[in-house]
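From first to last, the protein sequence lines stand for chains A and B. Sequential numbering from -1 applies to the first sequence in our numbering. Sequential numbering from 85 applies to the second sequence in our numbering.
A couple of the hints might just be wrong.
Heads up, simulated DMTMM-like pairs for lysine to aspartate or glutamate below, C-alpha to C-alpha not over 25 Å straight-line [stated by the list, open to error]: (1) B:K121 <-> B:E246; (2) B:K150 <-> B:E106; (3) B:K121 <-> B:E176; (4) B:K283 <-> A:E33; (5) B:K121 <-> B:D223; (6) B:K283 <-> A:D53; (7) B:K143 <-> A:E55; (8) B:K180 <-> A:D53; (9) B:K150 <-> B:D135; (10) B:K282 <-> A:E33; (11) A:K54 <-> B:E176; (12) A:K23 <-> B:E281; (13) B:K114 <-> B:E252; (14) B:K249 <-> A:E20; (15) B:K276 <-> A:E145; (16) B:K143 <-> B:E235; (17) A:K37 <-> B:E280; (18) A:K2 <-> B:E261; (19) A:K36 <-> B:E157; (20) B:K227 <-> B:E281; (21) A:K45 <-> B:E220; (22) A:K54 <-> B:D135.
It should be emphasised that the hints constitute simulated quantities derived from the structure, not laboratory data. Since we're looking at a predicted model, the values are computed, not measured.
Here is how the chains run, residue by residue.
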Amino acid sequence: MNYKPDEGALISYLYGELSAAEASKVHAYLEANPEELKKLQSLGYTKNVLAQVQDKEVIAPPIFMDDTKVVSFWQNSYFKTVMSIAASLLFIMVAGKLLGTEINYTEGELKISFSGKKEQPTPLIQPSLTEEKVQEMIQSSLANNNEVITTNWTEDQKRLSQSISYNLAQNSKKIDALMKTASDASQEQVRGFVASLQNDNLKLMKDYFQLSAADQKKYTEGLLVDFSEYLKEQRRQDLMMLQTRVTSIEKNTDQFKQETEQILASIISSPVSKINKNSY
Amino acid sequence: MAETLLDIAMMHSDSLIARAREGDKNAQGKLVQLWYKRIYNFSYKFFFDHDLAMEVSQKTFISMHKNIARLQEVTRFKSWLYTIAVNYCREEARKKKNNRALSLDNMRPGESEESYRWEESHHRRENPERQLRHSELSDILQKCLMELSAEQREVVIMKEYEGLKFREIAETLNISENTVKSRMYYGLEGLKKILEEKKITKETIGYEL
Chain A
-1 MNYKPDEGAL ISYLYGELSA AEASKVHAYL EANPEELKKL QSLGYTKNVL
49 AQVQDKEVIA PPIFMDDTKV VSFWQNSYFK TVMSIAASLL FIMVAGKLLG
99 TEINYTEGEL KISFSGKKEQ PTPLIQPSLT EEKVQEMIQS SLANNNEVIT
149 TNWTEDQKRL SQSISYNLAQ NSKKIDALMK TASDASQEQV RGFVASLQND
199 NLKLMKDYFQ LSAADQKKYT EGLLVDFSEY LKEQRRQDLM MLQTRVTSIE
249 KNTDQFKQET EQILASIISS PVSKINKNSY
Chain B
85 MAETLLDIAM MHSDSLIARA REGDKNAQGK LVQLWYKRIY NFSYKFFFDH
135 DLAMEVSQKT FISMHKNIAR LQEVTRFKSW LYTIAVNYCR EEARKKKNNR
185 ALSLDNMRPG ESEESYRWEE SHHRRENPER QLRHSELSDI LQKCLMELSA
235 EQREVVIMKE YEGLKFREIA ETLNISENTV KSRMYYGLEG LKKILEEKKI
285 TKETIGYEL
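Work out the full structure, taking the sequences as your base and the hints as a guide.
Here it is as structure tokens:
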């Protein structure tokens, strides 16, 4: 069975708005597809929950409608607009008339005047200088100017070169003098420095030798003392060794003596028995 | 949803609509009385806001008065009226989006004995505690509805609470029936997830009720 109802069919089935044939088809499909049935049941449950929303009680207020309302021509908004514009224009015209306003536009000039006073025309100024004259004046003034500038410039240049050469000569002299004094000073300083360096070195050497001689003396003295002590110790130890040797020899001699005595005693005490045995 | 006398009257109001269309002020007034609660509740569920719902309801019925003469088919009165309401709801939603001022009405009183929810209760003879719980649950579910997109919300409200057929909703919103069904399907699925997130199950509701 390939029939699969769409969402529209399912929702119509839920609200019972399907035809009997369609409803049976959907019913069969839902029986075959328990998952879809479960889904639809959950929507049905949601629908039932929604039914818990209560209606609000409300009293209808009286609504009065005046259908016979006729808008007169005077009340018409278009009429009002046109009238207001006309009134404004009229007001401006009357005000203009009363104030004697005159508005002129001539040769790119807008002139607004009140009280009807005519403006006095400004007198034309006659030109006293021609164009050629002006040109000549400019050229002559330019020529004068150029002359003045060139003379000034050459004078300035001369002065400048003179002052530069003078300054250079002065400076070179100063530098030479400075160099000379600097070289003299440096020779004397070097000599003094070398002499002082020699003195210092001499002193240093003297001190060093003095110090080292005293140290060596101390060291040899210490060495001699140590050596004599060592010899003393050696002799003492040798003496001790000799003493112990002597004592040990004494002991041995005593022991030998005793043994000999014992042997002699034993020989003396048993000659008779031995002789008797030998005789038999 | 059990049908009340008002529902029955609404369903058999063709002659009333016909008379209203011909300019009968009395019939128009009766239509307002019949449909005001429905339009108010539709708007209330759309905004979860009493003031906005009142605003939309009044504008809807003013528009109905003005334009009912242009209604071509009496049978389409219901979807026509809801179209007006939906348009005003969308308009108010746009205004609300542009002007996010804090309404004093949003600052609801706490759940004390002075709470107006006691006053709201119309089932005075029922157990007050049970009624309060029902009202709380109703508000929670209303908040869940508000989490849906406006497109899905208007379809869910029209179908679930206003009882419009899919065809009528399609007519009202001027969209295809399949789009309506698709929005409804995904709206319900979205609500299912929201309820699961808020742990509103069969058991909890059973306990509450």
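Each hint, compared with the structure:
Annotation: proposed proximity of K121 of chain B to E246 of chain B holds, straight-line Cα distance about 11 Å (limit 25 Å). Taken as a hint, the K150 of chain B and E106 of chain B pair is honoured in the structure, with Cα atoms around 12 Å apart against an allowance of 25 Å. Note on K121 of chain B and E176 of chain B: the hinted pairing holds, with a Cα-Cα distance of about 19 Å set against a maximum of 25 Å. With a C-alpha separation of about 22 Å, the suggested pair K283 of chain B and E33 of chain A falls inside the 25 Å cut-off, and the hint holds.
Of the pairs offered as hints, the one joining K121 of chain B and D223 of chain B holds, with about 18 Å between alpha carbons and a cut-off of 25 Å not exceeded. Of the pairs offered as hints, the one joining K283 of chain B and D53 of chain A holds, with about 23 Å between alpha carbons and a cut-off of 25 Å not exceeded. Restraint check: the Cα-Cα separation between K143 of chain B and E55 of chain A comes to about 19 Å, which is no more than 25 Å; the hinted pair holds. The straight-line distance between the Cα atoms of K180 of chain B and D53 of chain A is roughly 23 Å, inside the 25 Å bound, and the hint therefore holds.
A distance of roughly 23 Å separates the Cα atoms of K150 of chain B and D135 of chain B; the hinted pair therefore holds under the 25 Å criterion. Restraint check for K282 of chain B and E33 of chain A: satisfied, since their Cα atoms lie roughly 24 Å apart, inside the 25 Å limit. Taken as a hint, the K54 of chain A and E176 of chain B pair is honoured in the structure, with Cα atoms around 20 Å apart against an allowance of 25 Å. A hinted pair counts as satisfied when its Cα atoms are at most 25 Å apart, and K23 of chain A with E281 of chain B does not qualify at roughly 34 Å.
Annotation: proposed proximity of K114 of chain B to E252 of chain B holds, straight-line Cα distance about 23 Å (limit 25 Å). Under the criterion of a C-alpha separation no larger than 25 Å, the hint pairing K249 of chain B with E20 of chain A is consistent with the structure, at around 17 Å. Proximity of K276 of chain B to E145 of chain A is assessed by CA-CA distance (about 107 Å); at most 25 Å being required, the pair is judged violated. A hinted pair counts as satisfied when its Cα atoms are at most 25 Å apart, and K143 of chain B with E235 of chain B qualifies at roughly 21 Å.
A C-alpha spacing of about 14 Å is found between K37 of chain A and E280 of chain B, which places the hinted pair at or below 25 Å, so the restraint holds. About 19 Å separates the Cα atoms of K2 of chain A and E261 of chain B, which keeps this hinted pair within 25 Å; it holds. Taking the CA atoms of K36 of chain A and E157 of chain B, the gap is near 42 Å; set against the 25 Å cutoff, the hint is violated. The suggested pairing of K227 of chain B with E281 of chain B holds, with an alpha-carbon distance near 13 Å, which does not exceed 25 Å.
Distance restraint check for K45 of chain A and E220 of chain B: the Cα-Cα separation of roughly 18 Å lies within the 25 Å cut-off, and the hinted pair is therefore satisfied. For the hint pairing K54 of chain A with D135 of chain B, the CA-to-CA distance comes to about 13 Å; that is within 25 Å, so the pair holds.
The earlier numbered hints that this structure contradicts are 12, 15, 19.
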